[in-house]
Amino acid sequence: MAEDLNWAVGGEAGDGIDSTGKIFAQALSRAGRHVFTSKDFASRIRGGYTAYKIRTAVDEVQSVVDRLDILVALTQRTIDENLDELHDGSAIIYDGERSWEANIPEEMTAVDVPLRSLAEEAGGAIMRNVVALGAACALTGFDVEYLDESLEKRFGGKGSKIVENNKTAARMGRDYVEEHYDLDLGYELETTDADYVLLNGDEAIGMGALAAGCRFYAGYPITPATAVMEYLTGRIEEYGGHVVQCEDELSAINMALGGARAGARSMTATSGPGIDLMAETFGLIATSETPLVICDVMRSGPSTGMPTKQEQGDLNMTLYGGHGEIPRFVVAPTTISECFWKTVEAFNLAEKYQTPVYLVSDLALAVTEQTFPPEAFDMDAVEIDRGKIVDDDTVGEWLDDEGRFRAHANTDDGISPRALPGTVDGAHMSTGLEHDELGRRTEREDERVEQVDKRYRKVETAKREEDFSWREFGDPDAETLVISWGSNEGAIVEAMALLEEDDIDVRFLSVPYIFPRPDLTEAVKAAEDVIVVECNATGQFADVIEHDTLTRVKRINKYTGVRFLADELAAEIREQLTTEVPA
Amino acid sequence: MSAFNAIGEERDIDRNEFTPGLEPQPTWCPGCGDFGVLKALKQALPEIGKTPDEVLTCTGIGCSGKLNSYLETYGFHTIHGRSLPVARAAKLANDGLTVIAAGGDGDGYGIGGNHFMHTARENHDITYIVFNNEVFGLTKGQTSPTSPRGHKSKTTPHGNAKSPIRPLSLALTSGATYIARTAAVNPNQAKEIIKEAIEHDGFAHIDFLTQCPTWNKDARQYVPYVDVQESDDYDFDIHNRQEAQEMMFETENALHEGTVLTGRYFVDERPSYQQEKKELGEMPTEPLAERYFDDDYEWERSYDLLERHK
Ligand SMILES: Cc1ncc(C[n+]2csc(CCOP(=O)(O)OP(=O)(O)O)c2C)c(N)n1
Ligand code: SF4
Ligand SMILES: [Mg+2]
Chain H
3 MAEDLNWAVG GEAGDGIDST GKIFAQALSR AGRHVFTSKD FASRIRGGYT AYKIRTAVDE
63 VQSVVDRLDI LVALTQRTID ENLDELHDGS AIIYDGERSW EANIPEEMTA VDVPLRSLAE
123 EAGGAIMRNV VALGAACALT GFDVEYLDES LEKRFGGKGS KIVENNKTAA RMGRDYVEEH
183 YDLDLGYELE TTDADYVLLN GDEAIGMGAL AAGCRFYAGY PITPATAVME YLTGRIEEYG
243 GHVVQCEDEL SAINMALGGA RAGARSMTAT SGPGIDLMAE TFGLIATSET PLVICDVMRS
303 GPSTGMPTKQ EQGDLNMTLY GGHGEIPRFV VAPTTISECF WKTVEAFNLA EKYQTPVYLV
363 SDLALAVTEQ TFPPEAFDMD AVEIDRGKIV DDDTVGEWLD DEGRFRAHAN TDDGISPRAL
423 PGTVDGAHMS TGLEHDELGR RTEREDERVE QVDKRYRKVE TAKREEDFSW REFGDPDAET
483 LVISWGSNEG AIVEAMALLE EDDIDVRFLS VPYIFPRPDL TEAVKAAEDV IVVECNATGQ
543 FADVIEHDTL TRVKRINKYT GVRFLADELA AEIREQLTTE VPA
Chain Y
186 MSAFNAIGEE RDIDRNEFTP GLEPQPTWCP GCGDFGVLKA LKQALPEIGK TPDEVLTCTG
246 IGCSGKLNSY LETYGFHTIH GRSLPVARAA KLANDGLTVI AAGGDGDGYG IGGNHFMHTA
306 RENHDITYIV FNNEVFGLTK GQTSPTSPRG HKSKTTPHGN AKSPIRPLSL ALTSGATYIA
366 RTAAVNPNQA KEIIKEAIEH DGFAHIDFLT QCPTWNKDAR QYVPYVDVQE SDDYDFDIHN
426 RQEAQEMMFE TENALHEGTV LTGRYFVDER PSYQQEKKEL GEMPTEPLAE RYFDDDYEWE
486 RSYDLLERHK
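First to last, the sequence lines map onto chains H and Y.
Numbering-wise, the first sequence is residues 3 to 585 according to the numbering used here.
Numbering-wise, the second sequence is residues 186 to 495 according to the numbering used here.
Be a bit skeptical, because a hint or two may be false.
One-sided excerpt, in silico: chain Y residues whose CB lies under 8 Å from chain H [said to hold, decoys possible]: (1) Leu241; (2) Ser254; (3) Pro469.
No wet-lab data here; the hints were simulated from the structure.
Glycine is no exception: its CB is placed at the ideal position from the N, C-alpha and C atoms.
So that you can see chain H by itself, here it is in the shape it has in the complex (with noise of 0.2 Å):
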């Protein structure tokens, strides 16, 4: 596994921790290492614990362990929150001038630095944590002057002066420690010449709707969908495109879908009490052939649930919610790149079969911010197929004898002509009502009948032209089996690292795409023990697999709220092998 450096900034939030550890991560990209990074928070609001936690080497990261190496840690909090973390040669950054008595485990290394004291030298308290930063630089061996570039992109908006001062006061905190402390933690962080993007999942939906050419977005605002939003204001009406805060989900979706009518690639984004209210709407948007992009990105449920913690619970929902039998498309991203790449995808798939798309991501993916090196979103390679809409020289190969235009024309393919409202010769109806393939309203048997059928018969025809795979990872021919969804990816794949100095093989099969999903049956029959990884109570993807393959398979769930970390994950497998099918 990677020579990796695990580091963190924990205190209140309001305390700045999110913006120090980006400071720090960014630094650590631009000197070329890889990171990858997560968030702990107990609440939003302020006096609730937060950190800010970074996992960096030089090879690529890809998941989170159980081990804590340095801490700036500006509250007693912070420090029990990670004590499961903290090992006997963790390093704890503090300020002893603080008046919190330091609770520090006497094996480990205790830091302290008066870091408000140094900032009021440098210019003023506000700038402690960037004092601890530099602290940090002096624990870690890593040049105080990466921090620049990331402090001129923080503080460039508040003047030189500012930025300079922050300058100033990171070199202080080096300063300070380099004088009072002589040691040797044996950290020599290496830099490398690679270029690197640091972004997180959210982000990238966000830059993967913009490259797909999404015009439209519609959204409300909730944990932990928002940076969706957040990321396309601002910067979609520089490509011709608008985003709308709505009154509510019921709205954004219907905005989204009105948007979609007129033209405009639309997307919405929510998280489980949206996607409640959005379903609403499910029906018509399939029914009346409407494409559009809905991406869930999931958390802790029922209910308001744990707003800022992991699940992957809503896989029943967007697999089968909403009344009536719904077609659909149900996409979910396992990694941070590719929540570019199936948002890419899933704006192809709403408009070349005129059908809704689910985009299921997590809070896992939202939060954590990971490196890339650019070519991964290489923009060249994205495609955009607007499917079967016509203009005025195409339209009339579309209208009936009386020329009223077929928008639900009965094809082979299942997939009917779009016409644009503005496109003379086009207007038609379209309705959640079943309808023929005019848009009339219909309650003729024939007619219901033919109507569901081309509506289904898109997805297979989506089964026969896209790839709908999983991505393979490990031996193939491995006797044990781990098969996955989302986010879980990057630790299962850490996982198997870890047991393979145990000699223990594992293929495993992360699965992006729910619905319609690859056929399993050959790997899990070829299989001695087929496990099933996910971040739920009830095995939600596990159920779907046993119903397609007809083979129980044992189950690996967790529903803390804690995203599963590489060595527990490879501790929970082993113990799986050890352990009897479910009869």
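Knowing the structure of chain H, use the given hints to seat chain Y with the ligands on it.
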């Protein structure tokens, strides 16, 4: 050239173009007020130079929601209460379109009430026609948000204990910038009001009294009606919020005391949502839906997106 070749097309328009080949004959009950709205629209649209291919009508669920089945336009039949968000977004995506939302009193003032309030507040540039028959027509006559106090139906057998909503006052406080009431029995006034509403830049709300002879037997046919602009008994300035408010209040009271007052109540020049957003640079001036048809459009600018993450 626009990708949307019907928009702004200059040609003679035949009134019959708005009668669809699909369903030329509405299935509303004989004597239903909904016929009045359809007729007024069919007259108004060609008179202001609109062709069916540049009009989008979004309707809700109810007898009223069938409007666009009988009117040749791009028709979109939404679900119960949701015509407004669909309509206003379509207008944002392509503001060359003429967008009309329509539905019943239950649809618009009940289940869709929140959208009504916010569409008015944001002053979206669309026309909204509420078919106000003071009952739930389609579901067979239950009491609606506009049913008068004391109204008896299967859901209020002892008479409605609640006072009705005040549609005009609600539109005004919410922020609508064109507010009128007309009645099916007054086709000429209805047609003129629809024309003004469509041409108004901003959210235009028409509370359209549509009698339901099938389920609202004790309601009058909304006759005799009085046009507040033409009657000497009323004198107020439709540009004055206070005066408009008083006139609306009186009109809403009078309806349940047997006097049907109709006409224009309020007109304001406040900029529409899209005007405001464009001025702030938060919305491009050309239609959002247009870009895809621009062959010179540089998609590779997407690379700029990556720079910000370095
Ligand atoms: C979510 C939902 N709830 C209930 C219904 C049943 N429903 C259909 S129309 C309607 C009320 C119609 O009243 P109104 O909006 O006044 O229209 P009208 O028929 O009077 O024109 C109801 C309750 C529905 N279609 N959808
Ligand atoms: S039930 Fe009433 S509103 Fe519905 S069509 Fe008949 S008369 Fe018109
Ligand atoms: Mg009604």
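Quiz item: Once the shortest beta carbon distance from Leu241/Y to chain H is found, is it less than 8 Å?
Solution: 5 Å, holds
Quiz item: Once the shortest beta carbon distance from Pro469/Y to chain H is found, is it less than 8 Å?
Solution: 5 Å, holds
Self-check item: Proposed interface contact between Ser254/Y and chain H, which counts if any beta carbon pair is under 8 Å
Solution: Interface hint status for Ser254/Y: holds (6 Å vs cutoff 8 Å).
When the structure is compared with the earlier hints, no violation turns up for any of them.
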